[in-house]
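Asks: Below, each chain spelled out in residue letters.
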Amino acid sequence: MPDRSHSSQDLLRASRRAKADRRFAWWLVWLYPPRFRRDVGLGLADALDDRMRARRDAGVSALAIRLHAIVDTIRNASAEWVELARLKPSRSINSTPHAIHSTHTTYEPHATHSTHETLRGRSMFDKLSQDIRYALRLWRRRPGFALVAILTLALGIGANTAMFSIVNAVLLRPLPYAHSERLVSLWARTAAYPRGLLSYKEYEEVRKQSGSIESVF
Amino acid sequence: MNLRPVEFQVLLALAGDDLHGYAILQEVARLTDGDLEIEPGTLYRALHRMLRDGWVVELSRRPAADVDDERRRYYRLTALGRRVAVAEADRLSRLLSIARAHKLLSRA
Numbered sequence: 009m010p011d012r013s014h015s016s017q018d019l020l021r022a023s024r025r026a027k028a029d030r031r032f033a034w035w036l037v038w039l040y041p042p043r044f045r046r047d048v049g050l051g052l053a054d055a056l057d058d059r060m061r062a063r064r065d066a067g068v069s070a071l072a073i074r075l076h077a078i079v080d081t082i083r084n085a086s087a088e089w090v091e092l093a094r095l096k097p098s099r100s101i102n103s104t105p106h107a108i109h110s111t112h113t114t115y116e117p118h119a120t121h122s123t124h125e126t127l128r129g130r131s132m133f134d135k136l137s138q139d140i141r142y143a144l145r146l147w148r149r150r151p152g153f154a155l156v157a158i159l160t161l162a163l164g165i166g167a168n169t170a171m172f173s174i175v176n177a178v179l180l181r182p183l184p185y186a187h188s189e190r191l192v193s194l195w196a197r198t199a200a201y202p203r204g205l206l207s208y209k210e211y212e213e214v215r216k217q218s219g220s221i222e223s224v225f
Numbered sequence: 002m003n004l005r006p007v008e009f010q011v012l013l014a015l016a017g018d019d020l021h022g023y024a025i026l027q028e029v030a031r032l033t034d035g036d037l038e039i040e041p042g043t044l045y046r047a048l049h050r051m052l053r054d055g056w057v058v059e060l061s062r063r064p065a066a067d068v069d070d071e072r073r074r075y076y077r078l079t080a081l082g083r084r085v086a087v088a089e090a091d092r093l094s095r096l097l098s099i100a101r102a103h104k105l106l107s108r109a
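Those protein sequence lines, which keep their order, are chains A and B. For the first sequence, the positions run 9 to 225 when the working numbering is used. For the second sequence, the positions run 2 to 109 when the working numbering is used.
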């Protein structure tokens, strides 16, 4: 009897893990461009899921499995976005079965569509995706500039994070004592040093005699 | 038209049988004795291009019920895909015969 309950618990855990893998696979597929998702998203989610399960069965750690899937997705999804930015945006499996590989096309943001579509007629998402494509194209043409911009952002964000970590630990987070808002520090005032440190003897005396201070560390 | 290595691998895997995505990955690993492990994202980018160019089609009809997994999408080589594979095999074999002529290939 206890054996069976143990195995059913294992089964439950396995099915929960399978569901989590499935969700994770879907989440990764969402990083691909919409048309790509529409065309092969389901299959890709299945394959990611299968690959994760196979790795898990082979005894690979959960973290390594997911990292692998993330690296795969970052590499291929970004390549797919870059390709989308490079080629003309009108390609779909249904409309062009034997698609024409268009080479580099010159491109001005908000200009190409204006002949048959008015600016007002296009949704905000269209404009946004056009801007993103334009940005990616510029990035390709001037990778040095992009690198400098990314490095600047990375340094800025990194420095900010580091500063906040220090400020948070030193100033914002209360000290690990009860009623930390009532903490005071004691100094010894002499003629030479207005803020001198206490000796151990003095510390002992303060500890013994102080009435207004609850406890001394 | 330049064929990418991963595309040729997929064509080879599908030359035998109609397969679903993960089965293609397994078949590629089997055909290369495990030397080549394609990641799902790489495979599906290739499949997407090949679907677009009409080298493979997604099957609407399911395979036999006993081997079928209902959520799967199966892919099949088209006549054009087969021609591409033949052309690439031909090109490679010509390269190999040159290599052989220059004693760069040990096996016959």
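Keep in mind that the hints are not guaranteed to be accurate.
In silico SDA-like pairs for lysine to any residue, Cα to Cα no more than 25 Å straight-line [said to hold, decoys possible]:
no., chain 1, residue 1, chain 2, residue 2
1, A, Lys-27, A, Asp-65
2, A, Lys-216, A, Gly-204
3, A, Lys-27, A, Leu-92
4, A, Lys-135, A, Pro-151
5, A, Lys-135, A, Gly-204
6, A, Lys-27, B, Thr-43
7, A, Lys-27, B, Phe-9
8, A, Lys-27, B, Ala-80
9, A, Lys-27, B, Arg-84
10, A, Lys-209, A, Ala-196
11, A, Lys-27, B, Asp-91
12, A, Lys-27, B, Glu-40
If you want the footprint, here are the derived chain B segments under chain A, 3+ residues with CB under 8 Å [what the hints assert, rightly or not]:
no., region
13, 22 to 33
14, 39 to 50
To list a few chain A residues with every Cβ distance to chain B over 10 Å, as calculated [said to hold, decoys possible]:
no., residue
15, Arg-31
16, Phe-44
17, Leu-56
18, Ala-85
19, Pro-182
Keep in mind the hints are simulated off the structure, nothing from the lab. Since we're looking at a predicted model, the values are computed, not measured. Just so it is clear, CB atoms sit at the ideal spot from N, CA and C, and this is done for glycine as well.
Asks: With reference to the structure, classify each hint as holding or not holding.
Replies: Evaluation of the provided hints:
no., hint, in the structure
1, A:Lys-27 with A:Asp-65, "holds (16 Å)"
2, A:Lys-216 with A:Gly-204, "holds (20 Å)"
3, A:Lys-27 with A:Leu-92, "violated (31 Å)"
4, A:Lys-135 with A:Pro-151, "holds (23 Å)"
5, A:Lys-135 with A:Gly-204, "violated (66 Å)"
6, A:Lys-27 with B:Thr-43, "holds (24 Å)"
7, A:Lys-27 with B:Phe-9, "violated (34 Å)"
8, A:Lys-27 with B:Ala-80, "violated (39 Å)"
9, A:Lys-27 with B:Arg-84, "violated (41 Å)"
10, A:Lys-209 with A:Ala-196, "holds (12 Å)"
11, A:Lys-27 with B:Asp-91, "violated (45 Å)"
12, A:Lys-27 with B:Glu-40, "holds (21 Å)"
13, 22 to 33, "holds (count 3)"
14, 39 to 50, "holds (count 9)"
15, Arg-31, "holds (15 Å)"
16, Phe-44, "violated (6 Å)"
17, Leu-56, "violated (5 Å)"
18, Ala-85, "violated (7 Å)"
19, Pro-182, "holds (46 Å)"
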